[in-house]
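Heads up: the protein sequence lines correspond to chains V and S, in order. Numbering of the first sequence is given in numbering that gives the first Met the number 0, commencing with residue 0 and proceeding in unit increments. Numbering of the second sequence is given in numbering that gives the first Met the number 0, commencing with residue 0 and proceeding in unit increments.
Calculated from the structure, these hints are not laboratory results. Hints may be right or wrong, so weigh each one.
[Said to hold, decoys possible] Some chain S residues flagged as far from chain V (calculated, every beta-carbon gap over 10 Å):
(1) A106
(2) T310
(3) R324
[Unchecked claim] List time: in silico SDA-like cross-link candidates among lysine to any residue, alpha-carbon distance up to 25 Å:
(4) S/K341 / V/I62
(5) S/K331 / V/K24
(6) S/K348 / V/D71
(7) S/K341 / V/K105
(8) S/K17 / V/P74
(9) S/K17 / V/D116
(10) V/K24 / S/L327
(11) V/K105 / S/L327
(12) V/K105 / V/L88
(13) S/K345 / V/Q14
(14) S/K17 / V/L72
(15) S/K87 / V/D118
(16) V/K107 / S/K345
(17) V/K105 / S/D330
(18) S/K341 / V/V97
(19) S/K87 / V/Q14
(20) S/K345 / V/D116
(21) S/K331 / V/I113
(22) S/K345 / V/I122
(23) S/K348 / V/P74
(24) S/K345 / V/V95
(25) S/K348 / V/V64
(26) S/K345 / V/P74
(27) V/K105 / S/K345
(28) S/K87 / V/V95
(29) S/K87 / V/L4
(30) S/K345 / V/V64
[As the list claims (entries may be wrong)] Chain S regions said to be covered by chain V (calculated; three or more residues, Cβ under 8 Å):
(31) 107–118
(32) 288–295
All values derive from a computational prediction rather than experimental measurement. Every residue gets a Cβ at the ideal spot worked out from N, C-alpha and C, and that includes glycine.
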Amino acid sequence: MADTLTARVWREQPQRYRMIGNKDKATGKVYFPPRQAVPGNLNPEMEEFNLSGTGEVVACTVIRVAPTPFTDLAPYGLAVIETPDGVKLTAQITDVPVEDVKIGLKVKFEFRRIFEDNDASVIYYGYKAVPM
Amino acid sequence: MAVGIIGWGADIPRNRIKLETIAAVWGADAPSYKKGLLLFEKSVPSPDQDVITLSVEASRYALLRAGIDPTLIGALYIGSESHPYAVKPSGTTVAEAIGCGHFTHCADFEFACKAGSEAMYVAHSHVKAGEMPYAMGIGADTSQGAPGDALEYSASAGAAAFIFGTDKVVATVDHTVSWMSDTPDFWRREHEHYPQHAGRFTGEPAYFRTTLGAANALMENSGMKPEDFAYCVFHQPNGKFPQRAAKMMGFDIDSPQFKVGWLTPWLGNTYSGASPLGLSAILDVAKPGDKIFMVSYGSGAGSDGFVFTVTDEIENVRNNAPFTRPQLDDDKHYLSYGEYAKYRRKIRKNS
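Bound conformation, chain S alone:
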């Protein structure tokens, strides 16, 4: 019995801020940031958008593609590090908004930027175990980055949702892997507004060691080679890191194999949404038979890996909901730093 994705959807806010706009405020050298991190602009949520609203829209698109009765969704998980409430699940509001009904196992996941793939991983496992016909995993964030910090140039917003099932599967899940270690490269303590990070320590011992740990295991477990895959997608905290990880694994970073799922230079780092949004962009264009290699990364630290095979069914559902890339490229509204600071509640008020 093939288990896999039966519907997917993405939601990206319309607002953008250019890297130059942020750099001008802090006296930073925009060209060196652009070159060093391969970041050009990022998405910014409107004041009336948050992880719940982005997740609802992405989930509705996933449902349009899956074409199923939402009351049959047995589990709904949202991975995020910017849930609107510290105590009260995001998932119940999303489940209610998409009409899941009451018999749904619902939970909010956290694991820095891999919370989204974690939600996908568990949703897939439930269906594979035969516990329920359908389960949904969502990766969503309205990411935080302290004013003036390097993270401010990347922290952005977006969501991607995936429904797993056994009927009319559009992409089978062929292999999964998880790799983790206790590596404190990025964290946010309770009641703190913004995360902290360990600077260059976030690179080699954290992102690369973990990502490549999962990626190499996935390649070994599947018995496949980079050239077997039509597409690859990695967690993308900036433009540079996934490019380097893909190159180290032997993928062609100058071809669609890498570029289709590489959104961060124009989207920013959507944290838990990053690799899921890349996967969503890939599914928008993938052809039957294509193999997809996905490895997420979450600080703290861990990576989830998936190998998918696209089926003929994808052609029947692809056009039932908006694509990811046009949401990124079209109908953009650029903000000033002042508007951005207001939208992201960075201005302290007395009220």
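For reference, chain V alone in the conformation it holds in the complex:
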């Protein structure tokens, strides 16, 4: 399990570390995570697109009973965030009391530890949202 995940996260480093998605040249629509095929076109011409690094909470919840790798972080906010690029993505909200996690909250993305299996495992990094 750990080995499979290490390889997957490694492959996904551009999107997890630098929020790199892609853009359909024909329609201008931005995709994150990046897609090779888009609705209605299985072979679109895509270009790399770096998300702007900010967004707004459009849906959210508070996780109080967290799955194992996140137990020590509970309670924490989890939100669907819309970026100025027209992308909606899911991210943890960090460094904020959960009562302040609300629709309309303006956020920016920071580089954070996402999880680790245990004290001896690989540490997985990526983006989380913090209030602006």
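Given chain V, work out where chain S should sit, using these hints.
Positioned in the frame of chain V, the structure of chain S alone reads:
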């Protein structure tokens, strides 16, 4: 060809713990600690922050100011004594996260609290030698201090990153110096959680002898006097030591010359980040023509010294990233000792 800093950035966690909160747990006399060490509160990393994440944020801010293509950064060095891995570099993750590309010479440095200035020193040397157009040096720590030990009142977290180059230099490096001796005042053996220190031995024979050794050499080599400098910054393990070192060198500790880069009373000791964060706070406000005197200190023991001259270019990039001092003063979240112990993984669990 002028070589110097072309971009800088700092990252400080939002969490704080007051000295009184720690003292209350251990039955210590908070007023005497505050008076004796000039420490009031310190930063604490969130559970999802470490040397790598703090370095990434500081580096991104440095890149915003430098305005360069990150793939042209030829070397990236992080100085720290709290790298998340014992074996696996912090620098590769940081380089990947800021988009350095693959042709980057990457290394993690260690030399107690001067690992950050060491990274800056080598990064500057590469550019000066003409080996690469840009190089980055980072000082970062999520410092360790054993529960109840004097270090617990100071050990804090933060990072500062500096990109060196030859185009659009915001602060030229005019002089450098390094001074070292085999002085075992503070150490941490392999597999130990917390560092040990030699109590009062960390003062005169270690911090002061080393810091002043470098500072006096820097003054002599540069042919300058304290009054020639707009700002000075020293390693700051507590509030008192840098104050005393600055005074012994002839700087005015009651003026902005010293106070702008003096962060420890409210930040704590960010170990490898300490003097670099002080420099970052100075660059945030420095004016063209200002001279800056910087001397780091790392136990074991050594000091790196730099003389910088701020250029006109600083006005063009200063506002491109967040300043250091507001990160320290604004939007703070105070922790209880219990939360602090959990965040710093001081509570033993079975899982």
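Cross-check of the supplied hints:
S/A106, annotated as away from the interface, keeps every beta carbon of chain V farther than 10 Å; the closest lies near 19 Å. For S/T310, the shortest C-beta to C-beta distance to chain V comes to about 29 Å, beyond the 10 Å cut-off, and the non-interface label holds. For S/R324, the condition that its CB be more than 10 Å from all CB atoms of chain V holds, with the nearest at approximately 19 Å. Of the supplied pair hints, the one linking S/K341 and V/I62 holds, its CA atoms being roughly 18 Å apart against a limit of 25 Å.
For the proposed pair S/K331 and V/K24, the alpha carbon gap of about 44 Å is over 25 Å, so the pair is violated. Under the criterion of a C-alpha separation no larger than 25 Å, the hint pairing S/K348 with V/D71 is consistent with the structure, at around 11 Å. Note on S/K341 and V/K105: the hinted pairing is violated, with a Cα-Cα distance of about 28 Å set against a maximum of 25 Å. For the hint pairing S/K17 with V/P74, the CA-to-CA distance comes to about 24 Å; that is within 25 Å, so the pair holds.
In summary, the hint linking S/K17 to V/D116 is not supported, as the alpha carbons are separated by about 32 Å, beyond the 25 Å threshold. Between V/K24 and S/L327, the direct Cα distance comes to roughly 43 Å. Violation of the 25 Å bound is thereby established for this hinted pair. Taking the CA atoms of V/K105 and S/L327, the gap is near 21 Å; set against the 25 Å cutoff, the hint holds. A hinted pair counts as satisfied when its Cα atoms are at most 25 Å apart, and V/K105 with V/L88 qualifies at roughly 14 Å.
With a C-alpha separation of about 33 Å, the suggested pairing of S/K345 with V/Q14 is violated against the 25 Å cut-off. Taken as a hint, the S/K17 and V/L72 pair is honoured in the structure, with Cα atoms around 22 Å apart against an allowance of 25 Å. Of the supplied pair hints, the one linking S/K87 and V/D118 holds, its CA atoms being roughly 14 Å apart against a limit of 25 Å. A distance of roughly 30 Å separates the Cα atoms of V/K107 and S/K345; the hinted pair therefore is violated under the 25 Å criterion.
Annotation: proposed proximity of V/K105 to S/D330 holds, straight-line Cα distance about 15 Å (limit 25 Å). For the proposed pair S/K341 and V/V97, the alpha carbon gap of about 18 Å is at most 25 Å, so the pair holds. Between the alpha carbons of S/K87 and V/Q14 the distance comes to roughly 22 Å, so the proposed pair stays at or under 25 Å and holds. As the CA atoms of S/K345 and V/D116 are separated by approximately 18 Å, the hinted pair is consistent with the 25 Å bound.
For the hint linking S/K331 to V/I113, the alpha-carbon distance of about 22 Å falls within 25 Å, and the restraint holds. The suggested pairing of S/K345 with V/I122 holds, with an alpha-carbon distance near 19 Å, which does not exceed 25 Å. In summary, the hint linking S/K348 to V/P74 is supported, as the alpha carbons are separated by about 19 Å, within the 25 Å threshold. For the proposed pair S/K345 and V/V95, the alpha carbon gap of about 22 Å is at most 25 Å, so the pair holds.
The hinted pair formed by S/K348 and V/V64 meets the criterion: a straight-line CA distance of about 18 Å does not exceed 25 Å. The straight-line distance between the Cα atoms of S/K345 and V/P74 is roughly 20 Å, inside the 25 Å bound, and the hint therefore holds. Under the criterion of a C-alpha separation no larger than 25 Å, the hint pairing V/K105 with S/K345 is inconsistent with the structure, at around 33 Å. In summary, the hint linking S/K87 to V/V95 is not supported, as the alpha carbons are separated by about 31 Å, beyond the 25 Å threshold.
As the CA atoms of S/K87 and V/L4 are separated by approximately 18 Å, the hinted pair is consistent with the 25 Å bound. As the CA atoms of S/K345 and V/V64 are separated by approximately 22 Å, the hinted pair is consistent with the 25 Å bound. For the segment 107–118 of chain S, the stated coverage by chain V is not satisfied: 0 residues place a CB nearer than 8 Å to a CB of that chain, which falls below the threshold of 3. Chain V is given as covering the segment 288–295 of chain S, and this is violated because 0 residues of the stretch bring a CB closer than 8 Å to a CB of that chain, at least three being needed.
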